[in-house]
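Q: Chains F and U, in that order, give the protein sequences. Quick note: the first sequence uses our numbering, first residue 1, plus one each step. Quick note: the second sequence uses our numbering, first residue 1001, plus one each step.
A few of these clues could be false.
With a cut-off of at most 25 Å between alpha-carbon atoms, the simulated SDA-like pairs for lysine to any residue come out as follows [claimed, not checked]:
| # | chain 1 | residue 1 | chain 2 | residue 2 |
| --- | --- | --- | --- | --- |
| 1 | U | Lys1101 | F | Asp87 |
| 2 | U | Lys1049 | F | Gln41 |
| 3 | U | Lys1049 | F | Thr44 |
| 4 | U | Lys1101 | F | Arg15 |
| 5 | U | Lys1101 | F | Thr100 |
| 6 | U | Lys1049 | F | Asp87 |
| 7 | U | Lys1101 | F | Gly40 |
| 8 | F | Lys7 | F | Leu45 |
Think of the hints as simulated: they come from the structure by calculation, not from any bench. Just so we're clear, the structure is a prediction, and the values are computed from it rather than from any experiment.
Chain by chain, the residues run as shown.
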Amino acid sequence: SAVISQKPSRDICQRGTSLTIQCQVDSQVTMMFWYRQQPGQSLTLIATANQGSEATYESGFVIDKFPISRPNLTFSTLTVSNMSPEDSSIYLCSPRRIDTQYFGPGTRLTVL
Amino acid sequence: AQSVTQLDSQVPVFEEAPVELRCNYSSSVSVYLFWYVQYPNQGLQLLLKYLSGSTLVKGINGFEAEFNKSQTSFHLRKPSVHISDTAEYFCAVSDTGGYQKVTFGTGTKLQVIP
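Work out the full structure, taking the sequences as your base and the hints as a guide.
A: Set out below in structure tokens:
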């Protein structure tokens, strides 16, 4: 398995501001995925962050809105920019290790 | 591209009764299959996975699942549920090559009734 931590665990933000979510893994991983889980729904993949290359975004998600950084093999950040109430969700990082994805505890974001 | 169907959005079951949560997938290539559990207000925990080999996979907390390629199914079972099994269960699929992006089903809420 993997030990994964996310900061912050939750936050309440004002419309129009930005929040950066940090994800730390206890060992090096090549692939990092970021997901969103809107209230009462399943997980939707935002982007794939392969260390050493630009993140790959899924349909409906763009880099200007969700910039991702991957400075090393144990750390990644996701920024939610210019937030609106529709961005209220749980955001989860998911490192992949040996053909299996593991999940962080999530960041619960509420946008007012 | 893959897709996952979990037909049952909610499954109520009495404590100590058996349960089966259904999952069907669609894919044109070889797949890996997963079940994750999400307890209230928590992240996702891997319950079990099928990568290759035996089609009957045993996971944590007494759960098991069987990969059926002909029926493209990966149903989750437990012979006797406990109150602590109350949670949401997600079936997921990824292809075996490339980025191996995981696609999730819509989830099944298991409610164990005392």
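Q: Each hint should be assessed against the structure and marked as holding or not.
A: How the hints compare with the structure:
With a CA separation close to 22 Å, the supplied pair Lys1101 of chain U and Asp87 of chain F stays within the 25 Å bound. Between the alpha carbons of Lys1049 of chain U and Gln41 of chain F the distance comes to roughly 22 Å, so the proposed pair stays at or under 25 Å and holds. Only pairs whose Cα atoms come within 25 Å are accepted, and Lys1049 of chain U paired with Thr44 of chain F is accepted, the gap being roughly 20 Å. Among the hinted pairs, Lys1101 of chain U with Arg15 of chain F is inconsistent with the structure: their alpha-carbon atoms are about 31 Å apart, more than 25 Å.
The straight-line distance between the Cα atoms of Lys1101 of chain U and Thr100 of chain F is roughly 10 Å, inside the 25 Å bound, and the hint therefore holds. Note on Lys1049 of chain U and Asp87 of chain F: the hinted pairing is violated, with a Cα-Cα distance of about 31 Å set against a maximum of 25 Å. Annotation: proposed proximity of Lys1101 of chain U to Gly40 of chain F holds, straight-line Cα distance about 22 Å (limit 25 Å). Simply put, Lys7 of chain F and Leu45 of chain F have alpha-carbon atoms about 19 Å apart, close enough for the 25 Å limit, and the pair holds.
Checked against the numbered hints given earlier, this structure breaks hints 4 and 6; the rest are met.
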